[in-house]
Each structure stands twice: as structure tokens, then as C-alpha cells.
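Using the hints, build the complex out of the two chains.
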Amino acid sequence: MRWLAEARERVRCLLFRRREEAEMAEELRFHLEMEAERLVREEGLEAGEARRRAAVSFGGMEKYKEEVREARGLAWVSGLSLDLKLALRMMRKTPGLTIAAGLGMALAVGIAAGFFIVAHGFFYPKLPLDEGERVVALENWDVRAANEWRHAVHDFVAWREEMRSVEQISAFSPVDWRMVDGAAAPRLVHAVRMTSTGFQVARIPPLLGRYLVEDDDRAGAPRVAVIGYELWQAQFHGDPKVIGRDVILGDSTHTIVGVMPPGYSFPWRHDVWTPLRIDPSRYERGEGPELFVFGRLAPGATMERARAELAAIGRRAAAASPETHRGLLPQVLPYTYPLDDVQDPRNKMIDFIVGMSFISLLLLVVAANVAILMFARTALRGGEIAVRRALGASRRRIVGQLFLEALVLSVSASPLGLLLARAVLAVAQSLGDRMRGLGFWVDWSIGLPVVLYTIGLALLAAVIVGVVPALQLTGPRLQADLRRISAGAGQGMGGLWTTLIVVQVAVVMGALPLAATAGWEVIGDVATRPRFPDEYLNATLTRVQELRPGMEGAEYRREQASRFVQRVEELTRRLEAEPAVAGVAFTGELPGREYLVEVEGVASPTWSPNGLQLSVGGVGRGYLELLGARTLVGRGFAPGDFQQSSRAVVVSREFSSELLAGGEAVGRRVRFVSSSPDASTGEPTRSDWFEVVGVIDDLFENPVNASKLKPWVYYPVSPEWVGSGSLVVRVRGEEPMSFAPRIREMVAALDPALVLFGTHSLVGSATPPTYLLLGILALLLLGLVALFSAAGIHALMSFAVTRRRKEIGIRTALGAGRRRLLTAIFSRAAGQVGLGIAIGALAGGTFLIGEQWATGPRTAAILAFTATLTALVAAGAAAGPARRGLRIQPMDALREE
Amino acid sequence: MARDQSELLQGTLELLILKTLSLEPLHGWGISQRIQQMSREVFQVNQGSLYPALQRMKTRGWIGSEWRTTENNRRARYYMLTPAGEAQLARELSDWERSSQAVNWVLRWGGGVA
Chain A
0 MRWLAEARER VRCLLFRRRE EAEMAEELRF HLEMEAERLV REEGLEAGEA RRRAAVSFGG
60 MEKYKEEVRE ARGLAWVSGL SLDLKLALRM MRKTPGLTIA AGLGMALAVG IAAGFFIVAH
120 GFFYPKLPLD EGERVVALEN WDVRAANEWR HAVHDFVAWR EEMRSVEQIS AFSPVDWRMV
180 DGAAAPRLVH AVRMTSTGFQ VARIPPLLGR YLVEDDDRAG APRVAVIGYE LWQAQFHGDP
240 KVIGRDVILG DSTHTIVGVM PPGYSFPWRH DVWTPLRIDP SRYERGEGPE LFVFGRLAPG
300 ATMERARAEL AAIGRRAAAA SPETHRGLLP QVLPYTYPLD DVQDPRNKMI DFIVGMSFIS
360 LLLLVVAANV AILMFARTAL RGGEIAVRRA LGASRRRIVG QLFLEALVLS VSASPLGLLL
420 ARAVLAVAQS LGDRMRGLGF WVDWSIGLPV VLYTIGLALL AAVIVGVVPA LQLTGPRLQA
480 DLRRISAGAG QGMGGLWTTL IVVQVAVVMG ALPLAATAGW EVIGDVATRP RFPDEYLNAT
540 LTRVQELRPG MEGAEYRREQ ASRFVQRVEE LTRRLEAEPA VAGVAFTGEL PGREYLVEVE
600 GVASPTWSPN GLQLSVGGVG RGYLELLGAR TLVGRGFAPG DFQQSSRAVV VSREFSSELL
660 AGGEAVGRRV RFVSSSPDAS TGEPTRSDWF EVVGVIDDLF ENPVNASKLK PWVYYPVSPE
720 WVGSGSLVVR VRGEEPMSFA PRIREMVAAL DPALVLFGTH SLVGSATPPT YLLLGILALL
780 LLGLVALFSA AGIHALMSFA VTRRRKEIGI RTALGAGRRR LLTAIFSRAA GQVGLGIAIG
840 ALAGGTFLIG EQWATGPRTA AILAFTATLT ALVAAGAAAG PARRGLRIQP MDALREE
Chain B
0 MARDQSELLQ GTLELLILKT LSLEPLHGWG ISQRIQQMSR EVFQVNQGSL YPALQRMKTR
60 GWIGSEWRTT ENNRRARYYM LTPAGEAQLA RELSDWERSS QAVNWVLRWG GGVA
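Residue numbers (numbering that gives the first Met the number 0), protein chains in the order written: chain A, 0 to 896; chain B, 0 to 113.
This is chain B alone, in the form it adopts within the complex (with noise of 0.2 Å):
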């Protein structure tokens, strides 16, 4: 049970990751905070679990990593989308349009029997 939710869990988390860094590079405090606001406070993960995510997608090619000098003068490494990420990027999102439409469907049809 308890690993079904965190393997969805972690399928979301890489998908509002990859949606993330589409937008800019980031490091790792920056994109939390931007899924934060994204999901509109509705993911409450542990900031942490984060960065094993970041790691088996650095490891799968979607995203690249490189030390950068922040605004206030900080090193910090920032994570960028590769090719293969904006690849699976778009997969996962006609994924989850397909399924979430076939969700939807499922709910109303159900509720119409009943």
C-alpha cells in the first residue's frame, strides 16, 4: 500500500519537476519553492525528498546539472531540462491528460448508472 502512494507520489513529483525546469534552469531550493506555490500549497512533501528525485532523473538523461553563482552571490547546482526531458515531458503530460480524461469519464459514467 504505503509504496503504490509513494511510487504516485513520485511519478507527480517528477512531472511537476520537469514542468518546473521547462520554464528555467534551478537549483533544488528554487524549484521546491516553485512547486510550492505551483500546487498551491498542496503537495506537502518533505522539502528533502526532492533531491532523490532530482538524482534518478539526472541518472535517466531528463535532466542536466551544472554549479552556478546565484543572485546574491552564492554557489549553488542548478538543475536544467536535457532534450530527453522535454521528450518526457511531453509524454507525461498527453500521459496524464489521457488518463485524467479517462478518469473523468469513468466518474461521470459511474454516476450516471447510479
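Okay, chain A solo, but in the shape it has when bound (with noise of 0.2 Å):
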């Protein structure tokens, strides 16, 4: 019961406080008076005396009162609003220090937080879904290549049979289609063919109508589809009667039979479901569409048994099938994760924090900023401090005093910091909903833990820039403090000040350069764009492939292709003579994806011992002309390397340049790697030998850094070898995308058959608008915290020079001349600033060259360029004060003391 009596005395005293402290007095008073009385009376003093006598006895009266205070218990809520006034006087004391360290506190928060909230997300997302945290993926991990392997259709229909612990299994694959509804613009959906099971996975009835069920599974069943709400709305301004209404998807006609509620956009961001179809007798084992697999756990069942169970399938398929499973590793993982790409947490936090690079460094410099800060803004009240230590405040007492004033300052700073975290994800959720990026999970909104986490963050500061620095002002050193209060605050703190100039140097000077290379790095990677005008329009081609039975085999595919080159020429003929066309040109897949080639004469590198990572470009008859290539060496493609036995590439001038150091391209050979092994060999599959008979002028550049450029290879390609491609028209003198729907009329007119998957502008494309964004966005943070440490600088160096002022007074006094004087301050501050130059240049330099972020010169370049403006700043810094310390009449400087 001890405890109760103590809580009870506490509340007490808290309660009453202003009557113990009358009471105290009181006691005191009393106890004072005794004792003089005593003195008179027993030793003859005369009363003035005796109460001196009494009060010497008595030891430190305030000293005693502190300690009787801190005895009560719950001492620190008496001092609380005195310390809060202290707190809030002395952010009035030293604005400049308060304000810049609470802006980068805010900083360091915001960043901080949008990181969290971010990984947090990635690593714990919740599925908005009924019991979502059972919801799981089922895949196969390609032990080999590292990778995840989703041609599971073989293995998707034994999982479905044979697991126990996961139900439900279903599977998606995702596809984007052209919608037409009736004479209404056709439309591109994002669409899902999904078994209809995934519909109970998810556990959300439909709004109008049905959802799909597993008659709609069967072979030859009428072609259905359920929409989304957002779809119905926009396309269908919600009419109800849109169920068994009938439009195009793709190349079939389909019923709507059912609309989503709003919001709903199961298994990734879709609006159009179909049923997904699965006949594994139509594929060989390890071929057959992408799937991806999902379920529910059994009630009742466990991840680790799922886990299990599914690993036992696995060995036994791996038993059975040794030429496709061997080394495949069926996985049970939460839902989200392969969406994601995190298939092994552990290993993907350590890449989502190096591959965020950029924000991790911003992070490091905004921090040690802030920590500096704060530490000088401690250290400018150590004679303060020792005044009231001497004055009888406890080390406790003033150690809470400092955690209170850092923590008014991280407190107020932190939601701050969270909003600004909040809006640059808006903006960037916002973009990532628009291009479909993200899952329909993601939701970078505040919530709990991320407060909590700010909470715990603002709390840590307060420790760090707080409680550390004053622990170390009111350590043992109290009389040096006194001794140098009295002689003027001139240089006791000198080694402090410069230990902290250099390492506030050091590590902006360290870290700062590996940001801005990092940013730089992901803006130039967008920064490429095309050097042709924005007059050119993308219309994407394939051609219907329906299998029908008795249709199918060589035959049926020879004929199809062949259909296929003669309405691509026949539209190109017609595209031609449109008025508002300048020419047209086919392409196979869309240039620009990244393949691996090997180059004769040229060494792969380490980390891709296969072959070199160029852009390739299947281009046709034309392509290169008509975006205005110019032929440099060599020649461009002729009619005779439109056949399939010819092996001629055309390659960019950055090749040239890039790989052969301007040597001889003309006459080398190259060949193209498929990342993906030969099943005898296990080697990667290799192509013939194709030989250069042209370098061409590059078809793009990169203003911001031009070794972003990736060199091209081009080949010939022709409609017939391919089952789809592109056809790229020059419009004349318009907005490009203006002539897509003159376009869509005239596939529809030529064949139905026929399917324009899309239409874009090249130049439009080229550029991905969200990265841009991205990259500007990263340009601003980067700019802010390197203003921030210009501030922080600054604010260090002027704070010293300061502190000298009366110093300089008075030499000026004993007659030191204003440019010697000059001299010892600015010699010392560039011996501060220097020596944080050369530890900062050297640690960022060796990560830099050693990590291959950047080379030898550019590296110099670079740190060159951060060690200029940060000794600026600091000259900027400490000149003002230095002159007006040179102004100071000496007489004031010698009063002062």
C-alpha cells in the first residue's frame, strides 16, 4: 500500500502546490530564527550576527527549496509552464537558430515520414477487403534466374485441385482493350479476364446486376463482362439498363452483366472484368499466358501451412516434370507482395532504402543540419546554464528544461513535416492512379502509425538535440562555465565551435553531391526526348486471333499473317493519300525496348556478362527517313534487306561513339541475346550474326546529361514476320492526336478484323509525364535542403564570429590594425571551413568513384563546385559580423565586461 500513500502525498502536493511553497517558506523561515535565537542566547551574539551565522549554517537556501520541490515528486509539472516560458523566450532569444532549425526539423520530418508512410505501405500494406490479410498470391520463383515465373497454367489447375489450406484459388491475367459501344467513341479499358472465383475472393457483392460465376468459366459460354462503376458512370452516365447491353471488347462482342460498386477495382486497378478461360490441354507445360495466382486461406489454416503445403506440390512437380520445374519454387506470399515486385521482404527493404538513394542522403544532411543546429543553439547558453546550476537547479532539473524547449520545437515542427510529406504524395498517388501504377490498396494517406511514428521521431530529436548537448553543458565542467562567464564568453567554446563548423561542413560538403549525382542520375535518365517535331502519331496494329477448331496450325497462322501484310499495306496506301498526311512508315514492336546485344570486339560488362543493354528498334521500310535520320556513314536500310535472309543492322551515332570510341562501325558484327535460357543448353539464346551497314545520326538527345543516351540498334523488319506492330504517320501541320479518330474510322472500314490497339503521339510518349514530375519534385527538395545547409552554415559561422566580437573590440582597442584583425578571423574560419572541405570532399569522392556514380573528373567537377559555394557562404557569413566587430568602439566593448 506504500505506493498509494506516496500517490496520494504526490497529488497532494501538486494540488496545494502554492500553499507548500507558502508552507516551505514558512518552515524555513521559522527554522532561521530558531537558530539565531539560539545564537544570541548560547554563544552572545548580537541578533544582526546571529542571523548571519544562521543562514551560513543553514548551506543554500534556494538550493534546498529546488530540493524539496524535486522531493514532492511531480516537481517537473510545477516547472513545466515556467519552462514552457523559458522555452518559448528563448526561441524568441536566437530567431535565426530557432527558425532555421525548426524548418529543417519540418524537412527532416516530412522526409522522413513520406518515406515511412511509403515503405509502410509497401512492406505492410492492408487490403481494403473483408479479412484482406488472408488474401493471398500463389506463384512460382525462378530459383535460377532469380525471378518469378507466371506461366502457370499447368500448375495453376493442379494448385487449385490439390491445396487444402488456400480456397478459392483463382487467377488473372490483365489486358487492355478498345471498347466500342455502339456509336459512341471507342474507349481504352483496363481490363482483367479473371476466374470468376476471384469475385468471392474479394468478397464485394456487385451494385447492379451479377458478377461473374463459373458457367461463365466454361468453354463456349456466351461472352460476358462486369464493368466498374467509375466505367458505368462515364461511358454509361449510369443508366441502369446498361445490364444485357452488348459492346466490343477487343475483337468479341460481350454482355454486360453486372456493375461494381464505386471504388472497386479487384485484383489491381481494373474496370472491365471477363472471364478467364483456362484449358490447359491447349498448352504445354511452362507455356501459356502470364497468370497470376491468388486465393484465401482456409479458415482455420495458417500462412506457414500454406506454406507447407504448397512447397510438398512443389516437390512433387519438380519430381514429375524435371524439364520445366526443376528449380521453380512455388511460393504462398501475402497478396500484394509479387504486385509489388517484394518477393523477398528481407532483401527488398535493404533495395527500396539504397534505391532511394537520393532521399536517404537528403535525409542524412537535414538531420545532421538540424542536430548541429540545435547543439549550437544549446552551446550559446552554457554561462546561463551554469548560473542556474549555481543557483542550486538540478542537473535533472535543467537536463528537462533543454528536452522541453527541443521538443516544443520538434513538436511544433512535426506536423508540418507530415504535411508536406502529405502533398508531395498526393501528387504523386494522384499520377500513379492516373497511369494505373499503383494497386487499388495503396493509400499514402496519414494514418495511425505513421503518427506514431512522427510522434516517436519528434520525441527522438528532442533526446538528440536536447538531452545530449545538455548533458555535456551541465557535466563536471561547471566552474570553467562560471570562470568564463566572468571573462566574457571569449574563448572557452573556441574548439566546440570549430568541431562544429567542421562537421556541419564535412557532412553537407560529404553528402550533398551524392544527392544532387543520385537526382541527377533519375532526371537525366528522363530527360531523353526525340529530335523529331512532335508531328507523328503511333497506331498501334494486330490482327484478330481467333482459334478456331480446325483452324489452327501452320496453315491457319500463314494465312492470318498474310492477311495481316496485306491490310497493313493497304492502309498505309489509303494513309497516304489523306491530304493531312506526310508519310508512313511500319514498325514492329515499339522501338525503344532494351534488349541485350553482343558487339564483336566489344567486352561485356561484369554485371552483364551476356551481352551489352542497347535500346533495339524493329523499324520497317521508310522508318528511319521518315522521322529524318541522316545516313553518316555508311548507308541506310535498302529494299533488299526487307527479306528475312538478310542480316543488315543501322546503328546510332552514340553506338559509335558510346561503345566503339568513335572507331569503325561500318563492317562489325552483332548479335542479339534473349535473356531467357535454351531449355537443353541452359545457355542464353543467341541470334545470327547481323552486320552494320550504317551509323545514323542519333533520332534523340538528352540536354541534361548526354551520357544518358542510350545507343541504338536498329533492324529490318516487315509486317508479314511479325503478328503485330505499329504504323508511325507524319501528320502535316497539326496536333498529331488530332487524326487518330480519322484513323480508328479507317481500320474500322477496312477489315473488323482488324484491331487498332491504341494511338499515340511519339513525341507525346516519349516522356513519361509522371517521371518529369518526379524528377522536378526532387529537384525542389534537393534545392530546399541545400538552402537549408547554406542557412545552417551560415548561421554557425556568423554565431562564431560573434562570439569574438567584443574580443575584436577590444584588440582594436590595444591598437591591432583592422586588416590584421580581418586576417586572424578570416583565416580561421577558412581554416574551419576548410578542413570540413577536404574530410567532406574526400569521403564523398572515394563513394562516388568507388561506386561508379560518377567519374574521376566529373567527380571533381562536382565537389569543386559544392566546395566553392559552401566557402562562400561561410565568407558571406562571417564577414558581417567581423565588421561590425571591427565597428565596436572600444570604449563599449570594455564597458560590456
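The set of hints was computed from the structure by calculation and includes no laboratory data.
From the three backbone atoms N, C-alpha and C, an ideal C-beta is built for every residue, glycine too.
Some hints here could point you the wrong way.
Short derived list, chain B residues pointing at chain A, Cβ under 8 Å [stated by the list, open to error]:
hint: 1; residue: Asn45
hint: 2; residue: Pro51
hint: 3; residue: Ala75
The calculated DMTMM-like cross-link candidates involving lysine to aspartate or glutamate, where the alpha carbons are at most 25 Å apart (straight line), are [as the list claims (entries may be wrong)]:
hint: 4; chain 1: B; residue 1: Lys18; chain 2: A; residue 2: Glu26
hint: 5; chain 1: A; residue 1: Lys64; chain 2: B; residue 2: Glu65
hint: 6; chain 1: A; residue 1: Lys709; chain 2: A; residue 2: Glu624
hint: 7; chain 1: A; residue 1: Lys92; chain 2: A; residue 2: Glu806
hint: 8; chain 1: A; residue 1: Lys805; chain 2: A; residue 2: Glu383
hint: 9; chain 1: A; residue 1: Lys707; chain 2: A; residue 2: Glu599
Here are some chain B residues the structure puts well away from chain A; computed CB gaps all over 12 Å [unchecked claim]:
hint: 10; residue: Ser21
hint: 11; residue: Pro24
hint: 12; residue: Met79
hint: 13; residue: Ser93
hint: 14; residue: Gln100
Quick look at the structure:
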């Protein structure tokens, strides 16, 4: 029961604080009077002397009062309002440091919280579904390729039949389709083919009609589709009679049978669902479409049990068909992991942090800056603290007060930081949503975890920037501090300030160039832009692949291919006849895909031993000419090259300058390497050798970072070799996309079996706006951090010099020359900054070159630039206080003593 | 170092206060006088350090306090032992005896070897 009595006593003291104080004063007064009376009585002293002696033998009155208050417990509460007042007063006293440190904290909290929100959503996603945590993904992991292997038609069937611990095993395969609804303009829809059980996994009932049922999955069942609420509103204006309506999706007619409620876009971010009909008899093992398999843990089943069960099934499959399943490990994962490419969370976490090196480095710079600024702010108050100590404030009390001050700052900065993070993430999320680059579960709003994290961060920050320097300042150097106050705070802290400045400059110097380089890389990656004008429209075409019984095999494929060639040629002729069209050319798969290419006489890098990663384009007759590519050396493609036996390629200027150092490209041989290994040898598949016949001028440029320009290899392609491709149309004198509806009409009129996949502007699609915007955001953030770092150096430097103002005044009074004084001030500043620059440059430079982020000369240039800026900021910061110091009247300086 | 010393002192001071109050309730100045007499002027501590110790003991529930009038008609805060304080005193006394016995024993034994 002791604790109860104790608590009661403490509460009483707290409640009657004022009375307690009065009573304590009265009690001590009584003591002194009694003692004085005793001294008069027993030792015959006169009254005044007796009072003096009584006070001496009592000891430090204030100190004991303070100790009594502390012993009452909850002393901190009584001190709290005082400390708060003190904290606010201190903030006003050094507004520059306060604002710099506060904004820095907001920035740091913002970056850290943003990072946390994204990482948390990534690694601890919360599916907004009923019992969402029990929805799992099933996936084959290819151990040798260290990648997922999703050609899982046979595995899907096996898993669905054998697994007991996972129910409603379903699969989906996304597809972008053109939807045609009567006379309305066709619309691109993000559809997904999904086995009907997928809807049961999601457990969300339809808004109208029905969702897919098992009957829909059967071969030969009527083609049906379920649409999302948003599409229903946009395309059908929320018409309830939409159920039963026929629309063309892709190449066939589907009947709409249901509408899902608002916001439903399971399994990724879709607005149309059609049945996925899986017929394993049509595919060999390990072949067929890529499927994403998922399901729900059976009631009572755990993740571990499901893993063990699937592993056992995997071992049986590997034993039964070693040629396809050796090295495949089927695994059960939280639903979002494979979709977010998080197959191995532990490694991914490291990847994530390293991949965000730009952010991590910025955070480091800001955090170090804030810590140093706050430390400087506390150090400035060494004198005040020493006086309070001498007057009897306990160490705990002072540390508590400085902690509270730091806490006030960090707590007021945190909401600002959270808002900053939220604003940036809101922009990123809306862009990601629009591009359907984020899963439906992604929610980057501010939730409880990030709030807790931020509170923890604020506390931690207050401990680091408040408690650590306070402990140091209240250490056993009290006497030295007192001496320093009487000496005018002149030299005592010189070592501390030097250390602060050196560390500050070194951190900025070391980390900022790294962050700038990392950001520069990102921006450089997306800054590549075409050199040809925005006059080209790309129309992607594909032939209908309607497999009917008896229509399979080589004969059918040949027939289909020749029909596709005829249609493309006819469309080209008709387009060329259009007055708005300046030219038309065919191209194979969208140029720009990166491929492994082996170049004769050029060694492959160690990290990609099978070949160089180059941009490769399969281009049709007249394509390069249509885009205005000039032939620099050798020749362009000739009609003879568009024969299947031809082995000619054309390369870009960047190819010859970057890979061959300007050496002779024509006549050199290259071959293409497929990354998937050959089934029999296990080796990567290599094509025949092709010969370079010409070098053309680059079609792209990168005004930001020329080294980011990719070397290109173009190979000839003809419509009859490929089942699909694009026609690039040069549109005369108008916005190219305005011609898109006309092409759509022409394609529809030509052959209903020819499908226009989509149209886009060649230039417009070259730089995705998201990346550009993120790049700009990154630059802004970098600028903000750089500015803040400059402010930090400025604040430190000017405080360091201001502290010597009195010394300067006295030295002037003693007859020191201005020039000599200035030299003394600046040489000291230069020494500090120079040392910091040297340490930072050494660390940063070693990393930049060691990690091959930049070449030697480039590193030197970056470091020289940062060093110059840092030195200028420091010099500017030192100049102001130095000038004021020189102007001070010697008499004033002495009077201040 | 300084801390150990003061803690030792503090513990002793509390023991002395408990002992003093076990005889009769007293005000702070009276306690200080009594301790000085009892310890035959050995303890040269500031009189003020008594008050934080009194407050600590009060918070722990070992002593209580009330305002009374002294013989010469002045208001003073008197401290008295609570039952918990009596138990504490008994505990501390036996601790003290045990440890001083131990110290004596160690000293004798050490002397024998030397």
C-alpha cells in the first residue's frame, strides 16, 4: 500500500502547490529564527551577526528549496509552465537559429514520414477487403533466374485441385482493350480476365446485376463482362439498363451482366472483368499466358501451413516434370507482395532504402544540420546554464528544461513536416493512379502508424538535440563555465565551435553532392527526348486471333499473316492518300525496348556478361527516313534488307561514339541475346550475326545528361514476320493526336478483324510526365535542402564570429590593425571550413568514384562546385559580424565586461 | 564519487531522523539540534539538507506532519513517525547492525592475516 500513500502525498503536493510553497517558506523562516535566537542565547552574539551565522550554517536556501520541490515529486509539473515560458523566450531570443532549426526539423520529419508512409504501405499493405490479410498470392519462383515464373496454366490447375489450406484459388491476366459501344467513341479500358472465383475472394457484392460465376468460365459459354462503377458513369451515364447491353471488347462482343460498386478495382486497378477460360490441354507445361494466381487462406489455415503444403506440391511437380519445374519453387505470399515485386521482403527492404539513396542522403544532411544547429543553440547558453546550476537548479531539472525546449520545437515542426509529406505524396499518388501504376490498396494518407512514428521521431529528435548537449553542458565543468562567464565568453568554447563548423561543412560537402548525383541520374534517365518534331502519330495494330476448331496450325497462321500484311499495306496506301498525311512507315514492336546485344570486339560488362544492354528497334521500310534520320556513314536500309535472309543492321552515332570510341562501326557484327535460357543447353539463346551497314544520326538527345543517351541498334522488320506492329504517321501541320479518330474510322472500315490497339503521339509518349514531375519534385527538394544547409553553415559561422565580437573590440582598443584582425578572423574561418571541405570531399569523392556514380573529372567538378558554394556562404556569413566587430567602439567593448 | 558520498550521508541522515522522531514529534530545527547532540557534533552537514530529506521521507510515508504551536507560542511544522516509519526504522537498524558487524568482522579478519 506504500505506493498508494506515496501517490496521495504527491497528488496533494501537486494540488496545493501554492500552499505548499508558502508553508515551506514559513518552515524555513522558523528554522532560521530559532537558530538565530539560539546563537544569541547560547553564544551571546548580537542579533544581526546571529542571523548571518544562522544563514551560513543553513546552507544554500534556494538549492534546498529546489531539492524539497523535487522530493515532492511531480516537481516537473510545477516547473513545466516555467520551462515552457523559458523555452518560448529562448526561441524569441535566437530567432534565426530557431527558425532554421524548426524548418529543418519540418523538412527532416517530412522526408522521413513520407519515406515511412511509402515503405509501410509497401511492406505492410492493408487490403481494403473483408479479412484482407488472409488473401494470398501463389507464385513460382525461378531460383536460377532469381525471378518469378508466371507461365503457370498447369500449375494453377494442379494447385486448385490439390491445395487444402488455400481456397477459391483464382487467376487473372490483365489486358488493355478497346471498348466499342454503338456509336460512342471507342475507349481504352483496363480490363482483366479473371476466373470467376476471384470475385468470391474479394467478397464484395455487385452494385447491379451479378458478378462472374463458374458457368462463365466454361469454354463456349456466352461472352460476358462486368464493368466498374466509374466506367459505368463515364461511358453509360449510370444507366441501370446497361445490364444486358452488348459492347465490343477487343475483338469480340460481350454482354454486360453486372456493375461493381464505386471504388472496386480488384485485383489491381481495373474497370472491366471478363472470364478467364483456362484450358490446360491447349498448352505444354511451362507455356501459355502469364497468370497471376491468388486465393484465400482456408478457415483455420495459417500462412505457414499453406507454405508447407505448396512446397510439397512443388516438390512433386519437380519430380514429375524436371525439365520445366526443376529450379521452380512455388511460394505463398501476402497478396500484394508479388504485384509490388516484393518476393523477398528482407532483401527488398535494403533495396528499397538503397534505391531511395537520394532521399536517404537528403535526410542525412537535414538531420545532421538540425542536430548541429540545435547543439549550437544550446551551446550558446552555457553561461546561463552555469548560473542556474550555481543557484541550485539540479542537473535533472536543467536537462529536462532543455529537453522540453527541443520538444516544443520538434513537436511544432512535426505537423508541418507531415503536411509536406502528405502534399508531395498526394501529387505522386494521383499521378500513379492516373497511370494505373499503383495497386487499388495503395493508400498514402496519414494513418495511425505514421503519426506514432512521427511522435517517436519528434521525441527522438528532442532527446538528441536537447538532452545530449544539455548533459554535456551540465557536466562536471561547472566551474570552468562560471569562469568563462566572468571572462566574457571569449575563448572557452573555441574548440566546440570549430568542431561544429568542421562537422557541418563536412556533412554538407560529403552528402549533398551524392544526393545531387543520385537525383541527377534520375532526371537524366527521363530527360531523353526525341529530336524529331511532335508530328508523328503511332497507331498500334494487331490481327484478330480467333482460334476456331480446325483452324489451327501452320496453315492457319500463314493465312492470318498474309491477311495482316495485306491489310497493313492497304491501310498504308489509304493513309498516304489522305491530304493531312505526310508519310507512313511500319515498325515492329515499339522501338525503345532494351535488349542484350553482343557486339564484336566490345567486351560485355561484368554485371551483364551475356551482352550490352542497348536500345533496339525493329523498323519497317522508310521508317528512319520518315523520322528524318541522316545517314552519317555507310548506308541506310535498302529494299533488299527487308528480306528474311537479310542480316543488316544500322546503328546510331551514340553507338559508334560510346561503344567504339568513334572507331569504325560499318562492317562490325552484332547479335541479339535472349535473356531466357535455351531449354536444352541452359545457355542464353543467341541470334545469327548481323552486320552493321551504316551509322545514322541520333534520333534522340538528352539535354540534361548526354551520357544517358542510349546507343541504338535498328534492324529491318516487315509486317509478314510479326503478328502485330505499328504504323507511324507523320501528320501535316496539326496536332498529331487530332488525326487519331480518322485512323480509327479507316481501320474499322478496312477490316473488322484488324484491331487498333491504341494511338499515341510519338513525342508525347517519349517522356512520361510522371517521371518528369517526380524529377522536378526531387530537384525542388534538393534545392530546399541545399538552401537549408547554406542557412545552417551561415548561422553557425556568423554565431562563431559574433561570439568573438568583444575580443575584436578589445584588440582594436589595444591598437591592432583592421587588416590584421580581419586576416585573423578569416584565416580561422578558412581553416575550419577548409578542414570540413577536405573531410567531406574525401568521403563523398571516394564514394562517388568507388561506386561508379561518376567519373573522376566529373566528381572533381561536382566537388569543386559544392566547395566553392560552401566557402562563399561561409565567407559571407563571417563578413557581417566581423565588420560589426570592427566598428564597435573600444570603450563599449570594455564596458560590456 | 561525490554521488556515493552524498547517498551514504543521505541514508544515514534518514536513519538519524527516524531515530529522533521515534522518541517524540519534533519540528525541523528541533530535529537538527537533536541530531547534532546525539552525534556529538560529528555530523557537520548543512542544516538545510534536513528539509529535502524530510520531504522525501514524507513522500514515502515514513513520517507525517502537522502544524502545531510551540512552547513559546509560535507556529511550526511538527513531524512524527508513521507505522510505516517505525517499521522502516526497525529494518534500517537491523541492516545497520548487520553491516557494521560485517565490517567489523572483515576488519578483524584482515588484520589477522596481515
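When the hints from earlier in the document are held up against this structure, which numbers fail? none
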